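**Q** Single-letter residue listing:
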Amino acid sequence: MPKKFEKYIVIFFIVLAIIFPLITQNDYYIHIMTLAFIWSIAVYGLNLLAGYTGYLSLAHAGFFAIGAYAVGLLTVKIEMGFWVAFILAPIITAVIGFFIGIISLRTKEHYFAIYTLCVGYVIYLIIDKWDSLTEGVRGLMGIPAPANIGPISFTTPLSQYYLVLAILLLVIFIIYRIINSLVGRTFIAIRNSEPLALSLGISTIKNKLLSFVLSTFFAGLAGALYASFVRFLGPDIASTAITFDLLMYLIVGGIGTLFGPIVGTTLIVWISQNLQFLQDYRMLIFGPLLTILIIFAPRGIMGIIGDWKVKSSEKKRNKEAQKSQSELKKEA
Amino acid sequence: MLSLKNVTVKYGAYAAVHEVNIKVEQGQIVVLLGANGAGKSTTFRAISGLSKPASGEILFEEKSISGISPDKIVQSGIVQCAEDRKLFPQMTVQENLVMGAYVQRKNKKKMKQTMDEVFELFPILYEKRNDQAGSMSGGQQQMLAIGRSLMSKPKLMLLDEPSIGLAPLIVEQMFESIQLINKEGTTILLAEQNANAALNIADKGYVYENGKIVVQGSSKELFSNEEVRKAYIGA
Ligand SMILES: Nc1ncnc2c1ncn2[C@@H]1O[C@H](COP(=O)(O)OP(=O)(O)O)[C@@H](O)[C@H]1O
Ligand SMILES: [Mg+2]
Chain L
1 MPKKFEKYIV IFFIVLAIIF PLITQNDYYI HIMTLAFIWS IAVYGLNLLA GYTGYLSLAH
61 AGFFAIGAYA VGLLTVKIEM GFWVAFILAP IITAVIGFFI GIISLRTKEH YFAIYTLCVG
121 YVIYLIIDKW DSLTEGVRGL MGIPAPANIG PISFTTPLSQ YYLVLAILLL VIFIIYRIIN
181 SLVGRTFIAI RNSEPLALSL GISTIKNKLL SFVLSTFFAG LAGALYASFV RFLGPDIAST
241 AITFDLLMYL IVGGIGTLFG PIVGTTLIVW ISQNLQFLQD YRMLIFGPLL TILIIFAPRG
301 IMGIIGDWKV KSSEKKRNKE AQKSQSELKK EA
Chain S
1001 MLSLKNVTVK YGAYAAVHEV NIKVEQGQIV VLLGANGAGK STTFRAISGL SKPASGEILF
1061 EEKSISGISP DKIVQSGIVQ CAEDRKLFPQ MTVQENLVMG AYVQRKNKKK MKQTMDEVFE
1121 LFPILYEKRN DQAGSMSGGQ QQMLAIGRSL MSKPKLMLLD EPSIGLAPLI VEQMFESIQL
1181 INKEGTTILL AEQNANAALN IADKGYVYEN GKIVVQGSSK ELFSNEEVRK AYIGA
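Top line first, the protein sequences correspond to chains L and S. 1 is the number of the first residue of the first sequence in the numbering used here; add one for each residue after it. 1001 is the number of the first residue of the second sequence in the numbering used here; add one for each residue after it.
Think of the hints as simulated: they come from the structure by calculation, not from any bench. All values derive from a computational prediction rather than experimental measurement. Built from N, CA and C at the ideal position, the CB exists for glycine as well. Careful: at least some of the hints might be erroneous.
[To be verified] Calculated pairs, EDC-like style, for lysine to aspartate or glutamate (alpha carbon to alpha carbon, straight line, at most 20 Å): (1) K1106/S <-> D1116/S; (2) K316/L <-> E1209/S; (3) K309/L <-> E1062/S; (4) K319/L <-> D1131/S; (5) K1183/S <-> E1025/S; (6) K1112/S <-> E1095/S; (7) K1155/S <-> E1172/S; (8) K1155/S <-> E1209/S; (9) K1072/S <-> E1062/S; (10) K1220/S <-> E1184/S; (11) K1183/S <-> D1203/S; (12) K315/L <-> D1131/S; (13) K1086/S <-> E194/L; (14) K1106/S <-> E1117/S; (15) K1106/S <-> E1095/S; (16) K1155/S <-> E1176/S; (17) K1072/S <-> E6/L; (18) K1153/S <-> D1131/S; (19) K1052/S <-> E1095/S; (20) K1220/S <-> E1025/S; (21) K1220/S <-> E1176/S; (22) K1052/S <-> E194/L; (23) K1023/S <-> E1061/S; (24) K1109/S <-> E1120/S; (25) K316/L <-> D1131/S; (26) K316/L <-> D27/L; (27) K1128/S <-> E314/L; (28) K319/L <-> E1127/S; (29) K4/L <-> E194/L; (30) K311/L <-> E1120/S; (31) K1010/S <-> E1025/S; (32) K1153/S <-> E1061/S; (33) K1072/S <-> E1057/S.
[Stated by the list, open to error] Footprint (simulated), chain L over chain S, 3 or more residues, beta carbon under 8 Å: (34) 1071–1081; (35) 1091–1104.
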């Protein structure tokens, strides 16, 4: 598939996302899509660490919640201006991520996964039990919607949809730049083999920490958007169930691929919306589906597309090679 | 340039390398000979910082490097080309080489120059520069692994069994390339089971058995040593 064609597909989906609200005209659908985009941003963060660097963090919902509660607490309790709180939230998350990263990155593989699972649970407990700060199970209410920027207001579902979409596109662009830079290749090198990365002179400690911090930054950003969009926060957003939801979105879409997070998240969010009448039984459908997917397509939907692309370009190359060989023969 | 003094390396309680003494002078090719499991790779891991010696000292250019992190050791001028010759299979040949130049990443001009040198040494890599590394043959992958190591501009290169699993004709080319790399100014410490080919290009050698050095001497001496001939050269 030629590069140009790929570009057109991307542009097609961007245009589709832009005109989507005009097509549906249904506030509920717009609301669902906005939420899916917010989750996607969090999944992009998870993908950077788990997909590209090979470190599966199970504390991701915890960092999402830190970003969300940062906006909530700063605006409600200190009455800070919305945008200042909004910008501070992912930064606060990343700073906390830095210190947690220093400790958790002393472990590897499943130990890392288990350790971060515990970290995520501790974050959940803190939010749940520290009533005086977070309001605990009662929940944090009264979070303001994004403040106006000049003449633009963000009070309607439509305007919030576009705000989230704009930030999502920016996030995808930043991730694209990261994974195609030397830093991104360094992450991939670490995923490939840490001893090899080390023997090329790469400081794996520094780069793993950078990946961890970036991943928590995007989780915090998504959380901040969530807080200003839903405007009510409960400890449940930090629960491990959310982490596993995010992980499922990533695996279905394609771990370690650029478009996996957005594809997996929107797909599953929509499917589960349409299966809502089944309530908790929908997991009976998701469970087997996910298992089949992991067995036959461990790199998800985007992985299937990627393999298909490699195969077709190989075929083309073989054809060309044959052609040039037969031409050589003719000459001889 | 490099000296190991009574170096012992353990895996758990088991000493895979025991009280080893090795000296490499600038400009030399030095070879470690020995059967599978004798302790050659473990010695390399200790030099490149991937394993910490349990005791003893490793000096590089008169400074102790035991216990320093692997990335710092590469910065100081020692690079290891491991026996598994692992590449980044999804990256292209050229991208693999760029990763090898990680410690030189600030100096783009020098990197370009070094890459041209590598292409000159292994023209096939230039031809295949845009191919995925995973699609190449065994010999080509070994050339890429060596080329990638050269990209860091090492003073000392640790080459672990570069001939293993290659066809005889390719092995011959490989040793010629190693000699060329050495002539261009890189000191080489080589681990090999192919004693014949290795001693042909080496200045001196050490023979390992069960983690200990049992014989050492110049290539000439080792060539004419009865035991070495019997065990490793098969004549
Ligand atoms: N990671 C490891 N853990 C435990 N034992 C090891 C490890 N790597 C190598 N060994 C053991 O150390 C000894 C030396 O191995 P090695 O240095 O790889 O030898 P060589 O490179 O000469 O073939 C062998 O007995 C091997 O089984
Ligand atoms: Mg070995």
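**Q** All hints, please: hold or fail.
**A** Okay, the hints, checked on the actual structure:
no., hint, in the structure
1, K1106/S <-> D1116/S, "holds, 17 Å"
2, K316/L <-> E1209/S, "violated, 52 Å"
3, K309/L <-> E1062/S, "violated, 53 Å"
4, K319/L <-> D1131/S, "holds, 16 Å"
5, K1183/S <-> E1025/S, "holds, 14 Å"
6, K1112/S <-> E1095/S, "holds, 12 Å"
7, K1155/S <-> E1172/S, "violated, 24 Å"
8, K1155/S <-> E1209/S, "violated, 28 Å"
9, K1072/S <-> E1062/S, "holds, 16 Å"
10, K1220/S <-> E1184/S, "violated, 23 Å"
11, K1183/S <-> D1203/S, "holds, 13 Å"
12, K315/L <-> D1131/S, "holds, 14 Å"
13, K1086/S <-> E194/L, "holds, 11 Å"
14, K1106/S <-> E1117/S, "holds, 18 Å"
15, K1106/S <-> E1095/S, "holds, 16 Å"
16, K1155/S <-> E1176/S, "holds, 19 Å"
17, K1072/S <-> E6/L, "violated, 41 Å"
18, K1153/S <-> D1131/S, "violated, 24 Å"
19, K1052/S <-> E1095/S, "violated, 31 Å"
20, K1220/S <-> E1025/S, "holds, 17 Å"
21, K1220/S <-> E1176/S, "holds, 19 Å"
22, K1052/S <-> E194/L, "holds, 16 Å"
23, K1023/S <-> E1061/S, "holds, 11 Å"
24, K1109/S <-> E1120/S, "holds, 17 Å"
25, K316/L <-> D1131/S, "holds, 14 Å"
26, K316/L <-> D27/L, "violated, 47 Å"
27, K1128/S <-> E314/L, "holds, 15 Å"
28, K319/L <-> E1127/S, "holds, 19 Å"
29, K4/L <-> E194/L, "violated, 35 Å"
30, K311/L <-> E1120/S, "violated, 32 Å"
31, K1010/S <-> E1025/S, "violated, 26 Å"
32, K1153/S <-> E1061/S, "holds, 16 Å"
33, K1072/S <-> E1057/S, "holds, 17 Å"
34, 1071–1081, "holds (count 5)"
35, 1091–1104, "holds (count 7)"
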